[in-house]
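Peer 1: Chains as they are written, first to last, in UniProt numbering: chain V, 1 to 219; chain D, 1 to 219; chain L, 1 to 67; chain H, 1 to 245; chain C, 1 to 208; chain S, 1 to 208.
One or more hints might be untrue.
One-sided and incomplete, this derived list gives chain H residues near chain V with beta-carbon spacing under 7 Å [as the list claims (entries may be wrong)]:
| # | residue |
| --- | --- |
| 1 | M112 |
| 2 | I134 |
| 3 | L138 |
Result set (DSS-like, lysine-lysine): computed pairs, CA atoms no more than 30 Å apart in a straight line [claimed, not checked]:
| # | chain 1 | residue 1 | chain 2 | residue 2 |
| --- | --- | --- | --- | --- |
| 4 | H | K116 | L | K51 |
| 5 | H | K10 | H | K116 |
| 6 | L | K59 | H | K116 |
| 7 | L | K42 | H | K116 |
| 8 | H | K10 | H | K239 |
No lab work stands behind these hints, which were simulated from the structure alone.
The beta-carbon is built from N, C-alpha and C at its ideal position, and this holds for glycine as well.
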Amino acid sequence: MVSVFIRRELALLARQKADWLNPLLFFIIVLTLFPLGVGPEPNQLRIMAPGIVWIAALLSVLLASERLFRDDYRNGVIEQLVANRQALMPFVLAKIVTNWLSTGLPLVVISPVVAMLLGVEPAAFVAMMLTLLIGTPLLSILSVLGAAITMAADKGGILLALLILPLYIPLLIFASAAIEAAGMGLPYNGQLAILVAMLLLAFALVPLAIASALRINVS
Amino acid sequence: MVSVFIRRELALLARQKADWLNPLLFFIIVLTLFPLGVGPEPNQLRIMAPGIVWIAALLSVLLASERLFRDDYRNGVIEQLVANRQALMPFVLAKIVTNWLSTGLPLVVISPVVAMLLGVEPAAFVAMMLTLLIGTPLLSILSVLGAAITMAADKGGILLALLILPLYIPLLIFASAAIEAAGMGLPYNGQLAILVAMLLLAFALVPLAIASALRINVS
Amino acid sequence: MYFDSFSDFLAMGGYGFFIWLAYGLTYLLLIGLVAYCFWEVKAFRQHIQQKLARAQRIKQYQEADQP
Amino acid sequence: MFKWLHPLAKPEILYHFCGRLLPWLMGSAVLTLLFGNIWGLAFSPPDYQQFDTVRIIYIHVPSALLSMATYTIMAIAAFTALVWQIKVVQWAVLAIAPIGAVFTAIALLTGMAWGKPMWGTWWEWDARLTSELILLFLYLGVIALAGAFSDRQTGTKVACLLALVGFVNVPIIHFSVEWWNTLHQGASITKFDKPSVHPSMLWPLLISLLGFYLLMLALFCVRLRTAILQNEQHRPWVKSALGGQ
Amino acid sequence: MTEFFSAQGLSCIRQDRVLFEQLDLTLNSGELLQIQGKNGAGKSSLLRLLAGLSTPDDGTIYFQGQLIAECLEQYAASLCYIGHQSGIHEQLTAMENIAFWRAAYQLPYVDSMTLLGELGLAGLEDLPCHMLSAGQQRRVSLARLWLTNCPLWILDEPFTALDQSAIQRLQYRFRQHLAQGGAMIVTTHQPLSDGFSCLKTLELSYRW
Amino acid sequence: MTEFFSAQGLSCIRQDRVLFEQLDLTLNSGELLQIQGKNGAGKSSLLRLLAGLSTPDDGTIYFQGQLIAECLEQYAASLCYIGHQSGIHEQLTAMENIAFWRAAYQLPYVDSMTLLGELGLAGLEDLPCHMLSAGQQRRVSLARLWLTNCPLWILDEPFTALDQSAIQRLQYRFRQHLAQGGAMIVTTHQPLSDGFSCLKTLELSYRW
Ligand code: HEM
Ligand SMILES: Nc1ncnc2c1ncn2[C@@H]1O[C@H](COP(=O)(O)OP(=O)(O)OP(=O)(O)O)[C@@H](O)[C@H]1O
Ligand SMILES: Nc1ncnc2c1ncn2[C@@H]1O[C@H](COP(=O)(O)OP(=O)(O)OP(=O)(O)O)[C@@H](O)[C@H]1O
Ligand SMILES: [Mg+2]
Ligand SMILES: [Mg+2]
Chain V
1 MVSVFIRREL ALLARQKADW LNPLLFFIIV LTLFPLGVGP EPNQLRIMAP
51 GIVWIAALLS VLLASERLFR DDYRNGVIEQ LVANRQALMP FVLAKIVTNW
101 LSTGLPLVVI SPVVAMLLGV EPAAFVAMML TLLIGTPLLS ILSVLGAAIT
151 MAADKGGILL ALLILPLYIP LLIFASAAIE AAGMGLPYNG QLAILVAMLL
201 LAFALVPLAI ASALRINVS
Chain D
1 MVSVFIRREL ALLARQKADW LNPLLFFIIV LTLFPLGVGP EPNQLRIMAP
51 GIVWIAALLS VLLASERLFR DDYRNGVIEQ LVANRQALMP FVLAKIVTNW
101 LSTGLPLVVI SPVVAMLLGV EPAAFVAMML TLLIGTPLLS ILSVLGAAIT
151 MAADKGGILL ALLILPLYIP LLIFASAAIE AAGMGLPYNG QLAILVAMLL
201 LAFALVPLAI ASALRINVS
Chain L
1 MYFDSFSDFL AMGGYGFFIW LAYGLTYLLL IGLVAYCFWE VKAFRQHIQQ
51 KLARAQRIKQ YQEADQP
Chain H
1 MFKWLHPLAK PEILYHFCGR LLPWLMGSAV LTLLFGNIWG LAFSPPDYQQ
51 FDTVRIIYIH VPSALLSMAT YTIMAIAAFT ALVWQIKVVQ WAVLAIAPIG
101 AVFTAIALLT GMAWGKPMWG TWWEWDARLT SELILLFLYL GVIALAGAFS
151 DRQTGTKVAC LLALVGFVNV PIIHFSVEWW NTLHQGASIT KFDKPSVHPS
201 MLWPLLISLL GFYLLMLALF CVRLRTAILQ NEQHRPWVKS ALGGQ
Chain C
1 MTEFFSAQGL SCIRQDRVLF EQLDLTLNSG ELLQIQGKNG AGKSSLLRLL
51 AGLSTPDDGT IYFQGQLIAE CLEQYAASLC YIGHQSGIHE QLTAMENIAF
101 WRAAYQLPYV DSMTLLGELG LAGLEDLPCH MLSAGQQRRV SLARLWLTNC
151 PLWILDEPFT ALDQSAIQRL QYRFRQHLAQ GGAMIVTTHQ PLSDGFSCLK
201 TLELSYRW
Chain S
1 MTEFFSAQGL SCIRQDRVLF EQLDLTLNSG ELLQIQGKNG AGKSSLLRLL
51 AGLSTPDDGT IYFQGQLIAE CLEQYAASLC YIGHQSGIHE QLTAMENIAF
101 WRAAYQLPYV DSMTLLGELG LAGLEDLPCH MLSAGQQRRV SLARLWLTNC
151 PLWILDEPFT ALDQSAIQRL QYRFRQHLAQ GGAMIVTTHQ PLSDGFSCLK
201 TLELSYRW
């Protein structure tokens, strides 16, 4: 069942290209605005680069997630899935997977190019890629949770940001700690291990929370 | 009639606080993420600050505008206004005014605080405020245009970003030029004058374009 | 009493500003919280009053509307 | 085992139970809090390293501990509410949230006022400080979320869910001093086997802590009563409860 | 005498599919034109053409003897169009929605409280519309018909979600409007009650 | 014998307003229960309670003699609920929407092409649903009823936007379902045609 649902989401993504192009474009735009706004001194850019990449990634995943359940909620799809019960969990999993495929993955794929343009050093670069690879699925899971929680709320966006950012911040702290360690030539396995642990824990527990959030929201 | 419409939009804003709190919160969050992601060295922050403030402002206005006509379009309000014709232009003007009131103004109000926290110097600070004061109405007008053009398009967001950012970039360039000049103690009247000219021109012409974009979109 | 005089007590060995700032803010917030909690009770009573009045109004309206 | 709790799940009984508890709690809270704080401010000795600034400890540590304890209570309540669908417990989650938020704010503010003389800076992006700030955001998030729904019941339940999810932050706060090397000092009184604080400071500290705790419970009673009334306002007993007073 | 409203040789093509071709219709004041047809026959598309929301692929529409393309402003001012979508904003209350439409049509002040009370919405005036039931939302959207004095009404399935008493009340309003010399074009899948003396029907057939 | 489906002492409170109180109902297999009432009487709210989407403020619901809270999974598996909203995604085609619901209900494979053809949507199978007319969208959403084999259907105003022939076809399907021992709960403002032998009605009154 999950695969059918994933195929549905992919069909939707193929039709509504905005849903994945938009975050990607947003990511790129944020990054290109920096040299324009801050001034293009290479040294400064190089130091800031990994942090900025992570911030941009975080924001674009956050923004993309707002619309995640909106259409399905308005059309009554979620309501009927909740009434049906058995299909809810596969639906949630499909949403998480496609959310990562559509926002996380493109960011991971594009970030080498971006890092190159901003002149990130090789060591920090590897760390950035690794943290992004581990961090973006976690970002996806959390933002699906946020979207589910605020689905029926009258004031979607702001709440989502308010709720989810606290959960994001540990991620940001560990990721930038790892990158910093890498930049100074220190080992950063510890930070990566924590990121992986966070990811696994989230993957085990959060889908349950998402399903019950959906259930509560339609009642 | 405009005033009734403005009152309606304000009532909506009072009800859907997300629509104005979200951009504001987004602005603040983007700014607080920087010390976390890039590292809290005061000198670096001070140099980057005005640029970051402008980028954050630009992004948050851009993001706020996506939903501008969405609800009214879905509910058939726009359709009926177009059928009615005479009420369309007041509606557009009301949208522009309230868009600025709800996204531009809060940013202008909050930016002194932010500038203080980031340690911007007084000269650059004045320039930043002035450019924001002139620049944000222009941002609003342009983003209402973008929202109107992409209203019925299935792929809202991305198109909006693509269409509007090229129009924003001159603004960003002049604004950051003015701030830079101020930071170095040079006069920056020239840049301000250009900004004002752009604003006036946009205010004279763009509403017509918006009205016709709406008309085309419902047919 | 640990301090020799009242002014000593206020000065707190030179750290008076920070200590009194901390205590002041704390008690400000606590008193505010207590006041808010009791104000809520009062506000609820008013709300109930308003609700009753409103129900009355609607009933009158419907009675007037029936015949 | 918890049979005696069952009647309390009935809103009406709980309302009156809280009503009876309230004066005692409130009175003892005010007394212990003032007693502990005055002892700490005026009668306890200063620290040999931190001088008189150490007197902030009598509000900073209780409020900081309480901010976490309150969150823990809230999370437990939220868990109970979601699993067993008990309505009064759902309301309790929302009743306690603002109290915790205020305690968190106090911990932050007093910490800042302490940090300036001790570390030379009001604020630092250090792990404990940041995670405590996040705790404040979580409290605010729970409150804001509950208000964001047109349907009060939905809002309450969703807020319970968030309270539960946000609990991960509490251990992070507590262990942050061990996981990262930070400015903030490590556990001293919460190491129960061997407290490393001198009794002359420990006692006023513990009494202040008790005071904060009692105050939390008292305010919790007040707010829970209001919440019960709000949610049960269509029931006949509410009218008599309101009229009876 | 020129007809109040007429159309000649209308055709509409959607997705390369001809919905209708060479359609003529006329409407005089005091008349009600009911457009019938199966689902997907093109009724809503026709109404949108007639309301000036889209331009026909062929054909001309006259209002009081003038091409509507030439008197757009005047035509728009004498038209009240309510489509499938309700045209009410879900976050606004019934009162606010009505105030908005009153301003948009520049209608005289009416006590919306009484109006809403008459429509069976007493006590719900200041709830956001998404808290109303389906039929109550529809009532709010149709409240406009009690305010307007436009001579031409174009309504797309006005009866959806309404209960029988509301349908009766709405039809009573229709008769009032027709008696005052108004004209109206309506689609509906539910039969109109008898008692419309000037009822014309137009059957659109579903063409593939 | 235990009843197929029954509810006792249901009450529902919305915004501190009591919609109904102490409501009892029973339903046996082969029966159709029609819930009637004015706009805003609480019909949709009742159906949502019965479908297990929200919990009643009071009262209990039994399915085959068991409390539904205790056999949620099993109850959900034997229930087909279609509410006011269609439950179809506007950007997906009719085919894709049906495939989605087939997967969600784990229904056996059916040739959706033929099914859609029978429902009068031949040739429109691969258009995104927002390009369909109102009634056609509704048909896509109701197509599920031809696929499912759940014994209990709960439908909220299934006839909206449908034309007469589609309504007839739908009622034919209702009869089939009832004949096979199914049961259903329906609200509608349009009268059901005669010929339902086991029709029960329940009238909800509009309470302020
Ligand atoms: C804004 C700044 C600060 C914040 C947010 C903060 C937060 C906290 C928190 C959350 C705790 C409880 C931790 C736990 O029990 O696991 C705590 C305890 C404590 N804090 Fe702070 N703090 C701040 C500044 C300071 C400063 C400047 C000092 C002193 C130099 C200090 C001294 C202590 C002490 C002694 C404890 C008790 C530790 C224990 O026994 O467990 N704090 N603080
Ligand atoms: N989401 C909601 N929040 C608060 N109140 C609501 C909500 N939905 C409905 N109500 C209230 O509940 C009442 C009953 O609504 P419901 O949708 O059950 O009516 P209904 O009988 O289905 O009416 P209709 O025939 O118009 O569909 C309405 O009067 C409305 O005010
Ligand atoms: N936005 C659109 N884009 C493309 N084709 C459309 C669009 N809207 C409708 N159509 C097509 O035009 C045809 C007629 O649609 P229309 O909405 O006019 O039907 P209708 O007669 O109003 O039907 P109903 O009784 O269901 O409301 C439909 O078959 C549909 O396929
Ligand atoms: Mg139609
Ligand atoms: Mg209903």
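Peer 1: Against this structure, judge whether each hint is valid.
Peer 2: Hints and how they fare:
1. M112: Cβ of M112 (chain H) sits 19 Å from chain V, so the hint is violated.
2. I134: Check passed: Cβ of I134 (chain H) comes within 4 Å of chain V, closer than 7 Å.
3. L138: With a closest approach of 5 Å, the L138 (chain H) hint holds.
4. H:K116 x L:K51: Status violated; Cα separation ~51 Å.
5. H:K10 x H:K116: At roughly 49 Å apart (the allowed maximum being 30 Å), K116 (chain H) and K10 (chain H) break the hint.
6. L:K59 x H:K116: violated, 63 Å
7. L:K42 x H:K116: With a Cα-Cα distance of about 40 Å, the restraint between K42 (chain L) and K116 (chain H) is violated, given a limit of 30 Å.
8. H:K10 x H:K239: Holds, at about 17 Å.
Hint violations for this structure: numbers 1, 4, 5, 6, 7, all remaining hints satisfied.
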